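Visitor: So you can see what is in the structure, the chains are spelled out below.
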Amino acid sequence: MDKWKDELKQAFEAPQPVRKRNFLRQLDLPRMPVHEFLFSQIGYIRKWVWCVSALVFVVSILGLAFLPGTVLWLISGLTPLLALTIISESGRSELYKMVELEMAARFSLRSVTFARLAILGLMDLLLLGVLFPIGLWNDTAAPLAAALYMITPFLLTTFIGLYIVRKFRGQEAMYACVGISVGISISLFLSHNIIPFIYQEQCLTAWMITALVLLFGNGKQCVAMIKKTEEFAWNLS
Amino acid sequence: MRNLGTIYKYEMKKLTGKKLLWVTAFLCVAAIVITVFAGLIGTYYVDGKPIESNYEAYRKDQAYRKNLSGRYIAQELLQETVDGYSHVPTNVARYSLTEEYETYARPYSEIFNLIRSWTGMDLASLQNWEPNEAALYEARAQRLENNWQSIPLTDTEKEFWRNKESQIDTPLIYDYHEGYENMLNCFLTVGVLMLLFVAICLSNLFADEHSRRTDQLVLSSIGGKAPVYWAKILAGVTVSVAAATIMTLMTMSLNLGYYGAEGFEMPFQSCFSTYSYPITIGQACLIAYGILIVASILAAVFVMVISELFRSGIVTLAISAGLIILGNVIMIPTQYRVIAQIWDWSPMAYLSPWNVFDPRTLTLFGQCFTSWQVVPVVYILLSVVLAVAGKYIYQRYQISGR
Amino acid sequence: MELVIDRVSKQYKNKIAVDHISIKLQKGVYGLLGANGAGKTTLMRMLCGILKPTSGTITFDGIDVSEEQYRAVLGYLPQDFGYYPEFTAMDFLLYFAALKGIPKVQAKRKANELLALVSLDDVGRKKIKTFSGGMKQRLGIAQALLNDPKLVILDEPTAGLDPKERVRFRNLIESLGKDSIVLLSTHIVSDIEHIADQVLMMKDGQLIFQGKYDNQNGDLEEFYLSQFGEVDDHA
Numbered sequence: 000m001d002k003w004k005d006e007l008k009q010a011f012e013a014p015q016p017v018r019k020r021n022f023l024r025q026l027d028l029p030r031m032p033v034h035e036f037l038f039s040q041i042g043y044i045r046k047w048v049w050c051v052s053a054l055v056f057v058v059s060i061l062g063l064a065f066l067p068g069t070v071l072w073l074i075s076g077l078t079p080l081l082a083l084t085i086i087s088e089s090g091r092s093e094l095y096k097m098v099e100l101e102m103a104a105r106f107s108l109r110s111v112t113f114a115r116l117a118i119l120g121l122m123d124l125l126l127l128g129v130l131f132p133i134g135l136w137n138d139t140a141a142p143l144a145a146a147l148y149m150i151t152p153f154l155l156t157t158f159i160g161l162y163i164v165r166k167f168r169g170q171e172a173m174y175a176c177v178g179i180s181v182g183i184s185i186s187l188f189l190s191h192n193i194i195p196f197i198y199q200e201q202c203l204t205a206w207m208i209t210a211l212v213l214l215f216g217n218g219k220q221c222v223a224m225i226k227k228t229e230e231f232a233w234n235l236s
Numbered sequence: 000m001r002n003l004g005t006i007y008k009y010e011m012k013k014l015t016g017k018k019l020l021w022v023t024a025f026l027c028v029a030a031i032v033i034t035v036f037a038g039l040i041g042t043y044y045v046d047g048k049p050i051e052s053n054y055e056a057y058r059k060d061q062a063y064r065k066n067l068s069g070r071y072i073a074q075e076l077l078q079e080t081v082d083g084y085s086h087v088p089t090n091v092a093r094y095s096l097t098e099e100y101e102t103y104a105r106p107y108s109e110i111f112n113l114i115r116s117w118t119g120m121d122l123a124s125l126q127n128w129e130p131n132e133a134a135l136y137e138a139r140a141q142r143l144e145n146n147w148q149s150i151p152l153t154d155t156e157k158e159f160w161r162n163k164e165s166q167i168d169t170p171l172i173y174d175y176h177e178g179y180e181n182m183l184n185c186f187l188t189v190g191v192l193m194l195l196f197v198a199i200c201l202s203n204l205f206a207d208e209h210s211r212r213t214d215q216l217v218l219s220s221i222g223g224k225a226p227v228y229w230a231k232i233l234a235g236v237t238v239s240v241a242a243a244t245i246m247t248l249m250t251m252s253l254n255l256g257y258y259g260a261e262g263f264e265m266p267f268q269s270c271f272s273t274y275s276y277p278i279t280i281g282q283a284c285l286i287a288y289g290i291l292i293v294a295s296i297l298a299a300v301f302v303m304v305i306s307e308l309f310r311s312g313i314v315t316l317a318i319s320a321g322l323i324i325l326g327n328v329i330m331i332p333t334q335y336r337v338i339a340q341i342w343d344w345s346p347m348a349y350l351s352p353w354n355v356f357d358p359r360t361l362t363l364f365g366q367c368f369t370s371w372q373v374v375p376v377v378y379i380l381l382s383v384v385l386a387v388a389g390k391y392i393y394q395r396y397q398i399s400g401r
Numbered sequence: 000m001e002l003v004i005d006r007v008s009k010q011y012k013n014k015i016a017v018d019h020i021s022i023k024l025q026k027g028v029y030g031l032l033g034a035n036g037a038g039k040t041t042l043m044r045m046l047c048g049i050l051k052p053t054s055g056t057i058t059f060d061g062i063d064v065s066e067e068q069y070r071a072v073l074g075y076l077p078q079d080f081g082y083y084p085e086f087t088a089m090d091f092l093l094y095f096a097a098l099k100g101i102p103k104v105q106a107k108r109k110a111n112e113l114l115a116l117v118s119l120d121d122v123g124r125k126k127i128k129t130f131s132g133g134m135k136q137r138l139g140i141a142q143a144l145l146n147d148p149k150l151v152i153l154d155e156p157t158a159g160l161d162p163k164e165r166v167r168f169r170n171l172i173e174s175l176g177k178d179s180i181v182l183l184s185t186h187i188v189s190d191i192e193h194i195a196d197q198v199l200m201m202k203d204g205q206l207i208f209q210g211k212y213d214n215q216n217g218d219l220e221e222f223y224l225s226q227f228g229e230v231d232d233h234a
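Chains as they are written, first to last, in numbering that gives the first Met the number 0: chain A, 0 to 236; chain B, 0 to 401; chain C, 0 to 234.
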C-alpha cells in the first residue's frame, strides 16, 4: 500500500503553489482564547510526567492492597516524586535552551511556564486529594496530620527544586532536582524508623508551621521566577 | 595501559570537583548524626502528658544496664528479675508508669526483654514463673526450631545451625553493649545513605561524557577505550568505598564514643536472640559494616554501567533510586524461599541486620554458608562481571547523530 | 605517509550518509566542503575510529582504523564538543596527553608549548568554564595537536574564532600540512581557499569533486556553488 502511495506521489507531482504566502497573510486567523491556550499546553506536558503521577497513584493503591498496616508513610514518601514533575516542567525550557524562542512567541515564556505550572499544580492537588482518604485508611493519624504529612514533603521538594532551576541552568540543575526529590523521598521512608517522634501529636504544630513557611517560600519562588522571565524579556528587547 | 595513574587522577578530579558530591556528603553526615542520636531526642507522652524525655530514660536505663554488665543470664539473675517484677501491679492500664515498676522492675527490664523474646512471656506469666535457667534455654532452643521451621529451612540447614548452637557457651553473659547495638540499629539507615550517595554521585560519571560530547575526544585517543574505562571505574569505586568507609567510621566513632565501647565480647545471642552463629556483638558489627563497604563496590559498578548503558544521568539516578525505594518497600514472604532469598540478599534490600544475620544459608555440596560468608564473594564477582560487561558496552559505543 | 579510504560507506536505517567513498590522501592540507547533511561529519568520525563504517576500510600506512596504533597518530577536533567545567585549561591538556599515552614530563612541556601557540598561556590555570567560545575552540585545537599527529582531522575548526584568530589558525594549519595529512571540513569556502592544497567536495554522501582548486577558472566560492547547483537556484 505504502509503495503505491509513493509511486502515485511521484507520478502526479503537485504543481508549485503560486502566491501562497500572500494568500496566507490575507487570512484572518482567530486568536486563541486563554482557556484554549491552557488546554493546548496540556498536550505539551511530557508523557513521563503523566507516567510518574500514574505510578504514584498505582503504587499507593498496590501498597494499600499488599502492604501490612497503613500506607500514609508510603504516600508521604512518594509526594516528592510528584513534586518533581512540577519542577521538571518549569525548568524544561532552559534545559533544552528554548528560552529565547519561547520568550519571543505570542504567548510569552511566562504564560507558557505558568500555564504548565498551573495545570500540573492543579493535577497534583487533585491527585493528593484522591490519595488523602487512601492514606487515612486504617491510620490512627488525624486528618489534619495526614494532610500535613502529605503536603509538607511536597512543598519542601518544590521549594528547593524551584530554587535550583531558577539559580542554576541546564542538565546539571535538573539532575540535582531529581537527586533532591529522591533524597527527600527516601529520607521520609527511613524517618519512620529513625525519628518516629516527629510523627507524634506534639509535633503537629511544628509540621503546620513548616508547611506554612514552605507555602510562603514557594510563593516567593514563583514571584522570583516571574521576575526572572521579565528580566529575560528585557534583555532580549 | 600506559598513564592509567594519571588518567585515574583526573577522573577523580572530575568526580570530586562536583559541588553536588560535597552537598550530598554533608547531608549524609548530618543524617548519620541524627540517626545515631535519634533515640535521645523527643519525649515519651501518655495521653498527651509528657512522662519523661528520651534522654532521661536513656540515662536511667544506661545506669541499670551497666549494673547488670558482666552477669550471666542464669538462675540468680532470673530470680532477681522475677522478684523485681513481682512488685509490679497488673491491674493498671500501663504498668510501666507505676512507682513499683520504676523502683523494683526497671533495673531488670533488659533481662525481661530478653526472656520475653525467647519465651513470649508477658508480665503476668513472668510473675507466675518459677525461674528456671534450664527451662529458659530450652525455650530458646524451641523458639529457634520453630523459627527455622517457619522460614522454612532445609534439614541440612537445621543441622548446621544446631551444630553452631552447640558451640555457644551457655549460660550467656550479659554485658553493657549499647554502642554496638546502636551501631547495628543504624546499619539500615547508613546502608541506604551509602546507596543513595553512590547513586547521586556516580549516575552521571559516564553519562556526562556523552551529554558533554567529550566522548568523541576521549574515544579517538589511544587510551580512550580500555584505560579511560578502567580509570573511571576505579575512580567511582574509590569514591564509593571511601564514602562507605567514612560513613562506617563515623557511625562507629559516634556510637562507641557516646554510648561506650564496652561490650565487644558479649555473645551476639544476648542481643540478637534468633541467630545461632558463635560470634560476639563486636564481631557482628565488624561483619555488617565490612559488608557495607563491599556492597558499595557493587553499587558503584552497577550505577556506572547503567550510566554508560543509558547514557543519561537522570535516567540512571531514577533507576537506582527506584531500586533503593523498592528494596525498602517490597518484602517477599519467606515461604517463596528462593525468590525471597535472592531479593533479600540483593544489595538494595540486603543492608539490614536481619538479612546479614539471616538463618537462611546457601548450601553447596552439603556445606552451609551463611549470608555474610556468601554475599561479599558474590558481590565482588558480580562487580567484576558487570565491569567487564560495561567495558564491552563502552567500547562498542558509536558516535552518530547529534 | 598515506591515508587510504577504500569504498567506505555508512548506512543508517534508510539513509546512506556516506556512499562508497574511495580516496588516497598524502601529506598536505585537504579542504572538505559540503552542504549541511552532506556526510562530512560522518566521514570524519569514521576516519577517527569513533564510528564504524558499514562497509569499506580505512588505513593509515597500512594500520587499520580500528587499531590502537592508528589512534596514536591521530589528532581530532570535533565540530561540537564540551569541556569539563571543573578542569583548568592545563588540566584539560594534561588529561588528554595522558589519554594519548604521552609521558608526564613530556606532557607538561608540550601542554605549555601548545597553550602558548594558541595564545592561552596566560589563562592556563583558569577554569574552562570561564572561557569564551573562541578560547574553548583554541583549547580544542591545542588538544588535537598534543601528540604531534601525523593525521589531523578538524571538523569546522574555525567556528567561533574571530577574524584575527582565524588568520593565525590558517597559518598554523598550513605549517601542519608540511609534515602531516590535514583534513579540515568547513562551510566557509575562504578558509580553504587560502590553505588547502586540495579540495574535496561532498554531496549526498558522495565525493563529487577532488582536485586542486586553482586548476579551475574563477574563485572557489563560485566553483563550489556551481558544483552544488546553487548558482542556478539563485539565479
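Treat the hints loosely; a few may be bogus.
[Stated by the list, open to error] Covered by chain B, per the in silico footprint, the following chain A stretches (three or more residues, Cβ under 8 angstroms):
#	segment
1	143-155
2	168-177
3	183-194
4	199-206
If you're looking for bench data, these hints aren't it; they were derived computationally from the structure. Just so it is clear, the structure is predicted and the values come from calculations on it, not from any experiment. Cβ coordinates follow ideal geometry from the N, Cα and C atoms, glycine included.
Visitor: A separate judgement is required for each hint: does it hold in the structure or not?
Guide: Evaluated hints:
1. Check result for the segment 143-155 of chain A against chain B: violated, 0 residues qualifying (beta carbon to beta carbon below 8 angstroms, three or more required).
2. With a cut-off of 8 angstroms between beta carbons, the segment 168-177 of chain A has 6 residues touching chain B; three or more are needed, and the interface restraint holds.
3. Counting residues of the segment 183-194 of chain A whose C-beta lies closer than 8 angstroms to any C-beta of chain B gives 8; at least three are required, and the coverage claim holds.
4. Using a Cβ-Cβ cut-off of 8 angstroms, 3 residues of the segment 199-206 of chain A lie near chain B, which meets the minimum of three, so the contact claim holds.
The structure does not agree with numbered hint 1 stated previously, though it agrees with all others.
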